[in-house]
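Per the numbering used here, residue 78 is the first one in the sequence shown, and the count goes up by one each step.
For the record, the hints were derived by calculation from the structure and aren't laboratory data.
Any given hint could be a false lead.
[Stated by the list, open to error] The calculated lysine-lysine pairs, modelled on DSSO-like cross-linking and capped at a C-alpha distance of 27 Å, are: (1) LYS143 / LYS102; (2) LYS143 / LYS155; (3) LYS102 / LYS155; (4) LYS155 / LYS101; (5) LYS144 / LYS169; (6) LYS146 / LYS101.
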Amino acid sequence: MKPHHVVAIVGNGTLDASMVEPIKKADSIIGVDYAAFWLLVHGIIPDVAIGDFDSVTKEELTGIRKKVKTVESFSPEKDFTDMELAIEHGAKSHPSEIIIYGGVGSRLDHSVGNILLLNRFVDASFSVRLVNATNECRVVNKDSTIQKIPRFRFVSLLSLTDESVITLKGFKYEIENHKILRGQTVGISNEITGEHGHVTVQAGVLLLIQSRD
78 MKPHHVVAIV
88 GNGTLDASMV
98 EPIKKADSII
108 GVDYAAFWLL
118 VHGIIPDVAI
128 GDFDSVTKEE
138 LTGIRKKVKT
148 VESFSPEKDF
158 TDMELAIEHG
168 AKSHPSEIII
178 YGGVGSRLDH
188 SVGNILLLNR
198 FVDASFSVRL
208 VNATNECRVV
218 NKDSTIQKIP
228 RFRFVSLLSL
238 TDESVITLKG
248 FKYEIENHKI
258 LRGQTVGISN
268 EITGEHGHVT
278 VQAGVLLLIQ
288 SRD
């Protein structure tokens, strides 16, 4: 494994210029479908472009093929989304972390699907985060130290399993051995009081979201 090798995956959801500089800092970059062209427009040549490319024009696809060294094209009629294929590709490089940009957008099905994809890789050797302008989320199933992110005031925990049992320390609302059922919202809108908070997971798998209004 390369030391701190970060893969940025840029999806076809909502993208904005504030993401350009963080994406540039990644060790390798994967553009998903139209996002590959978006990257080129913003002066970034991805290492890989992947998808069925049903969201680009013929001219845009020609531009992608001309500038991107590796283009993996799939039929629109497939069993996996472009994002899942991109994560699978990114995992082959044995990264320490995968960061997904543009994973949330106007398509609710794709947005929810991308968030739930995080759960699939919860036991992987690398971490996966999904980031946009107002949120950062990941999945936790073990004890974790959560760094306070000044721009994301709120911290929420939602159970992805039938039930989860957690203890929170260093939060505005601290709990101990508390059971959260899937579908309950008791874990929404907490705050870290210091530089970091501690989540102890006694049971279950949880979606952790740091966000702002």
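Evaluated hints:
no.	hint	verdict
1	LYS143 / LYS102	holds (23 Å)
2	LYS143 / LYS155	holds (25 Å)
3	LYS102 / LYS155	violated (32 Å)
4	LYS155 / LYS101	violated (30 Å)
5	LYS144 / LYS169	holds (22 Å)
6	LYS146 / LYS101	holds (17 Å)
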